[in-house]
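Going line by line, the protein sequences match chains A and B.
According to this note's numbering, the first sequence holds residues 395 to 872 in order.
According to this note's numbering, the second sequence holds residues 395 to 872 in order.
For the record, the hints were derived by calculation from the structure and aren't laboratory data.
These numbers come from a predicted model, not from an experiment.
You may find that some hints are simply not true.
Any copy will do: because identical chains look the same in the list, a pair fits if it lies in one copy or spans two.
[What the hints assert, rightly or not] Keeping only pairs whose Cα atoms sit at most 30 angstroms apart, straight-line, the calculated BS3-like set for lysine-lysine is:
hint : residue 1 : residue 2
1    : K669      : K400
2    : K646      : K660
3    : K764      : K660
4    : K646      : K411
As a plain string of letters, each chain reads:
Number of protein chains: 2
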Amino acid sequence: MPAPDKFLGYVDENADKFIQLLKEAVAIPSISGDPAHREDVFKMATFMEKQLKALGVTTKTVDLGTEELEGHTLKLPPAVLGRIGDDPKKKTILIYGHFDVQPANQSDGWDTDPFTLTIQENGQLVGRGSSDDKGPILGWLNVIEAHKSLGLELPVNLRFCFEGMEESGSVGLDEFISSEAAKSDGWFSGVDAVCISDNYWLNTRTPVVTYGLRGLSYFMITISGPARDLHSGVFGGMVHEPMTDLIAVMSKLVTPDGTILIPGVKDMIAAADEKEVAIYDALDYSIADVEQAVGGQVVISSDKTRALMSRMREPSLSIHGIEGAFYGAGAKTVIPAKVIGKFSIRLVPPQTPQNIDPLVISYVEAEFAKLNSKNKIHVENQHSGKPWLEDIDHWNYAAAIKATEAVYKKQPDLTREGGSIPVTLTFAESLGVNVLLLPMGRGDDGAHSTNEKLDRSNYIEGTKLLGTYLYEVGAIAT
Amino acid sequence: MPAPDKFLGYVDENADKFIQLLKEAVAIPSISGDPAHREDVFKMATFMEKQLKALGVTTKTVDLGTEELEGHTLKLPPAVLGRIGDDPKKKTILIYGHFDVQPANQSDGWDTDPFTLTIQENGQLVGRGSSDDKGPILGWLNVIEAHKSLGLELPVNLRFCFEGMEESGSVGLDEFISSEAAKSDGWFSGVDAVCISDNYWLNTRTPVVTYGLRGLSYFMITISGPARDLHSGVFGGMVHEPMTDLIAVMSKLVTPDGTILIPGVKDMIAAADEKEVAIYDALDYSIADVEQAVGGQVVISSDKTRALMSRMREPSLSIHGIEGAFYGAGAKTVIPAKVIGKFSIRLVPPQTPQNIDPLVISYVEAEFAKLNSKNKIHVENQHSGKPWLEDIDHWNYAAAIKATEAVYKKQPDLTREGGSIPVTLTFAESLGVNVLLLPMGRGDDGAHSTNEKLDRSNYIEGTKLLGTYLYEVGAIAT
Numbered sequence: 395m396p397a398p399d400k401f402l403g404y405v406d407e408n409a410d411k412f413i414q415l416l417k418e419a420v421a422i423p424s425i426s427g428d429p430a431h432r433e434d435v436f437k438m439a440t441f442m443e444k445q446l447k448a449l450g451v452t453t454k455t456v457d458l459g460t461e462e463l464e465g466h467t468l469k470l471p472p473a474v475l476g477r478i479g480d481d482p483k484k485k486t487i488l489i490y491g492h493f494d495v496q497p498a499n500q501s502d503g504w505d506t507d508p509f510t511l512t513i514q515e516n517g518q519l520v521g522r523g524s525s526d527d528k529g530p531i532l533g534w535l536n537v538i539e540a541h542k543s544l545g546l547e548l549p550v551n552l553r554f555c556f557e558g559m560e561e562s563g564s565v566g567l568d569e570f571i572s573s574e575a576a577k578s579d580g581w582f583s584g585v586d587a588v589c590i591s592d593n594y595w596l597n598t599r600t601p602v603v604t605y606g607l608r609g610l611s612y613f614m615i616t617i618s619g620p621a622r623d624l625h626s627g628v629f630g631g632m633v634h635e636p637m638t639d640l641i642a643v644m645s646k647l648v649t650p651d652g653t654i655l656i657p658g659v660k661d662m663i664a665a666a667d668e669k670e671v672a673i674y675d676a677l678d679y680s681i682a683d684v685e686q687a688v689g690g691q692v693v694i695s696s697d698k699t700r701a702l703m704s705r706m707r708e709p710s711l712s713i714h715g716i717e718g719a720f721y722g723a724g725a726k727t728v729i730p731a732k733v734i735g736k737f738s739i740r741l742v743p744p745q746t747p748q749n750i751d752p753l754v755i756s757y758v759e760a761e762f763a764k765l766n767s768k769n770k771i772h773v774e775n776q777h778s779g780k781p782w783l784e785d786i787d788h789w790n791y792a793a794a795i796k797a798t799e800a801v802y803k804k805q806p807d808l809t810r811e812g813g814s815i816p817v818t819l820t821f822a823e824s825l826g827v828n829v830l831l832l833p834m835g836r837g838d839d840g841a842h843s844t845n846e847k848l849d850r851s852n853y854i855e856g857t858k859l860l861g862t863y864l865y866e867v868g869a870i871a872t
Numbered sequence: 395m396p397a398p399d400k401f402l403g404y405v406d407e408n409a410d411k412f413i414q415l416l417k418e419a420v421a422i423p424s425i426s427g428d429p430a431h432r433e434d435v436f437k438m439a440t441f442m443e444k445q446l447k448a449l450g451v452t453t454k455t456v457d458l459g460t461e462e463l464e465g466h467t468l469k470l471p472p473a474v475l476g477r478i479g480d481d482p483k484k485k486t487i488l489i490y491g492h493f494d495v496q497p498a499n500q501s502d503g504w505d506t507d508p509f510t511l512t513i514q515e516n517g518q519l520v521g522r523g524s525s526d527d528k529g530p531i532l533g534w535l536n537v538i539e540a541h542k543s544l545g546l547e548l549p550v551n552l553r554f555c556f557e558g559m560e561e562s563g564s565v566g567l568d569e570f571i572s573s574e575a576a577k578s579d580g581w582f583s584g585v586d587a588v589c590i591s592d593n594y595w596l597n598t599r600t601p602v603v604t605y606g607l608r609g610l611s612y613f614m615i616t617i618s619g620p621a622r623d624l625h626s627g628v629f630g631g632m633v634h635e636p637m638t639d640l641i642a643v644m645s646k647l648v649t650p651d652g653t654i655l656i657p658g659v660k661d662m663i664a665a666a667d668e669k670e671v672a673i674y675d676a677l678d679y680s681i682a683d684v685e686q687a688v689g690g691q692v693v694i695s696s697d698k699t700r701a702l703m704s705r706m707r708e709p710s711l712s713i714h715g716i717e718g719a720f721y722g723a724g725a726k727t728v729i730p731a732k733v734i735g736k737f738s739i740r741l742v743p744p745q746t747p748q749n750i751d752p753l754v755i756s757y758v759e760a761e762f763a764k765l766n767s768k769n770k771i772h773v774e775n776q777h778s779g780k781p782w783l784e785d786i787d788h789w790n791y792a793a794a795i796k797a798t799e800a801v802y803k804k805q806p807d808l809t810r811e812g813g814s815i816p817v818t819l820t821f822a823e824s825l826g827v828n829v830l831l832l833p834m835g836r837g838d839d840g841a842h843s844t845n846e847k848l849d850r851s852n853y854i855e856g857t858k859l860l861g862t863y864l865y866e867v868g869a870i871a872t
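Just need the whole structure built from these sequences, with the hints factored in.
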């Protein structure tokens with residue numbers, strides 16, 4: 395059952411209003427990873443709850459407790475739940491999304507203030523969180539707003555679970571979902587399937603429906619020795635320098651061609667057989683697409699299938715940065731006293747944090763021991779999430795594929811995603827229902843990067859897609 | 395000729411006033427390495443000139459032009475010159491010092507605001523620049539203030555050269571000194587010797603007189619590839635990551651035991667013979683002194699003489715940090731697009747930036763080439779200074795040693811310093827006169843570090859030392 399023309403027309407006519415709403419959301423710098431912005435994540439939770447209430451959605455905020463961060467106890471932002479519709483004849487879809495964002499400073503290289511949504515002449519809506527994940531979560535709200543304004547009945551019952559800690563490991567949410575799912579009269583009872591819009595198309599042309607995600611284990615290596623930063627003239631050559639040790643240890647993690655050096659990590663993944671290779675061969679993708687998305691000719695493989703498999707079915711290791719060392723412009727002749735190296739590994743089945751973390755921690759400790767340094771090391775897993783693979787032979791996927799064809803007049807690519815949305819697996823495992831990823835943004839949106847954007851057409855057609863998907867779910871014969 | 399008791403008594407009686415002056419100077423965050431604080435360096439130059447004028451010193455500010463930093467053209471802070479006394483029967487001493495400071499943020503780990511001089515119960519004056527180098531330069535001003543108030547004649551003619559770019563390679567000053575020294579009627583004509591107070595005692599007990607300094611070459615390795623920061627989930631495994639390449643290259647610079655791996659660098663230094671080893675054996679120093687100064691048991695050698703030679707007569711390499719990578723608290727799953735690794739090498743004769751820089755740059759480029767990365771590298775020397783060694787069999791040193799014995803009742807240690815004050819060599823070479831380093835602060839002052847301090851007694855006795863040195867110079871029969 396296609397979505398009514400009335401709905402589709404309304405979305406087009408009200409595009410500017412929807413963009414204004416996104417602008418208001420982007421203006422709240424809800425950076426979950428930065429304690430200085432924790433209040434803004436709370437502010438964003440309040441914003442979401444207010445929007446939902448105004449649309450007639452019943453809401454509830456869930457206190458998720460506290461976390462320890464950098465020696466401080468911080469309150470966790472609440473999860474914002476919502477429910478609308480209780481018709482036993484309709485299917486019930488649970489929507490998940492997150493209202494927190496990655497850090498962003500204009501000085502990182504943004505062309506505009508990251509927290510002022512800027513509408514470019516080419517139709518790009520530039521701002522932190524535009525694509526990841528404020529645009530998509532507002533897309534769902536736009537669908538309800540359209541139905542409310544038009545006096546249309548929603549084709550399904552909806553449940554919402556929005557969180558504010560996704561960019562920082564979804565701290566506190568897993569426990570809540572598991573315990574709520576265990577209750578017979580819980581907030582998630584009666585949910586038939588889950589839909590999450592928090593990933594991206596492979597390219598800028600073809601919509602995708604996604605059935606797999608890599609997991610993540612994020613590590614911190616702390617090396618310390620002197621009690622305070624030292625002058626490299628006075629002490630250089632006399633003392634073991636934490637930076638030297640950290641660089642030595644981090645150089646043993648991964649080679650420049652992406653090969654993970656930690657014994658046992660790579661070996662867990664069996665080579666792809668011909669049938670599996672064929673899946674990747676079929677995707678609408680090219681090395682030029684990656685080059686365009688990253689803005690440079692730095693793709694390791696020159697083979698598209700090989701590159702896609704590196705992203706979708708193989709683990710990868712990235713070194714993100716160092717806390718405690720000199721990071722500013724210019725020159726500073728310091729020996730930093732305590733440095734924290736940060737890296738993460740993307741995981742694919744059968745890898746899990748449980749089977750990977752011990753390998754990583756013992757390897758890093760062993761490599762440090764080889765240095766014979768008098769400094770001290772501490773290695774820890776900062777946060778993690780298991781990888782996820784879904785069965786695509788299910789009405790939930792059938793509805794998403796039909797909806798994509800209706801809105802975009804195109805067969806979607808069926809993909810596995812390189813990123814992590816750990817909560818996906820939590821829903822799948824806790825609720826025992828099918829989970830679908832139905833992205834709104836394009837492959838070049840620059841999530842987690844400078845100048846993050848969402849194309850206007852993706853926001854508006856994406857809103858139509860989410861609505862149409864609900865109609866296709868409603869039309870499925872069960 | 396000892397200094398008059400009147401002078402020494404005045405310094406004791408006016409200690410609080412002198413500390414207040416230091417407090418005013420520390421309050422100006424004159425960080426030369428940070429473009430955002432360039433105005434404060436100008437403010438500090440004005441402060442210095444005003445103080446000198448009030449004491450009857452004839453002053454002149456010298457425009458040193460501009461520099462290019464991070465793609466911007468910045469005005470250089472002026473050198474502040476001063477002269478007082480023109481008696482042809484007296485010796486003329488040129489005093490050099492700097493009024494700029496290293497960067498400092500309370501969040502780096504300072505217990506107090508770095509730009510508010512805080513007087514601790516144990517007598518420590520804590521604040522950025524207290525010891526390096528605002529305390530010492532104000533020490534000279536205190537000496538003149540005492541003479542002016544007491545109506546005493548100064549025992550020598552004085553010339554001053556204060557600069558505001560020492561912590562950033564003394565940009566612009568060398569050219570000025572060389573050209574000014576070449577003029578027969580220049581500001582430095584008639585100078586008999588130079589005295590610089592900008593280093594430290596070896597420990598917290600014994601004053602030192604210093605006759606050598608290591609040089610410095612500061613390098614930046616820029617590795618870039620993607621046009622923007624990337625999401626490690628979406629692109630991890632597909633692209634060459636600049637951080638991985640940078641860590642790989644920087645791991646080839648130095649071993650954790652301090653051995654420089656760049657071919658040719660270490661080999662330039664001949665091993666010490668027995669006679670030279672004996673000099674280091676004689677110094678009042680222990681491994682426990684280093685451990686106390688750094689606040690940790692991280693000294694590479696367990697032999698005092700070996701440790702001292704590492705600092706004074708051998709090169710060292712320190713990795714200071716990375717610009718462009720994630721440096722904040724918490725977690726960020728970014729692939730940084732462009733990272734700048736910063737490291738420096740301390741040089742000893744016969745090493746010079748001229749014979750070292752080409753070895754470093756070609757080695758780093760060669761190590762990067764081995765990685766077979768599609769990213770780009772750029773290696774450059776950011777600033778540098780030659781090492782320096784002085785002849786201690788000279789009246790300038792005799793005066794300093796006598797003055798130290800008079801004030802501290804102790805024979806000073808004769809040392810070479812591990813740090814760099816590139817301008818020292820410029821004065822020696824341009825003026826052709828003896829240059830002396832006569833430090834004020836202790837070995838645990840934490841210059842360039844958090845909680846930098848100058849002990850009250852070092853500031854006050856140090857002021858007496860500088861004054862007494864001038865009397866000993868005045869008494870020398872030439």
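Do the hints match the structure? See the list:
Taking the shortest Cα distances, K669 and K400 never come within 30 angstroms of each other, neither inside one copy (43 angstroms) nor across copies (96 angstroms). Proximity of K646 to K660 under the C-alpha cut-off of 30 angstroms is found in both arrangements, the shortest distances being 14 angstroms within a copy and 25 angstroms between copies. Taking the closest pair of Cα atoms, K764 and K660 come within 30 angstroms of each other both inside a single copy (23 angstroms) and across two copies (23 angstroms). With identical chains, the CA atoms of K646 and K411 are never at most 30 angstroms apart, being 51 angstroms at best within one copy and 56 angstroms at best between copies.
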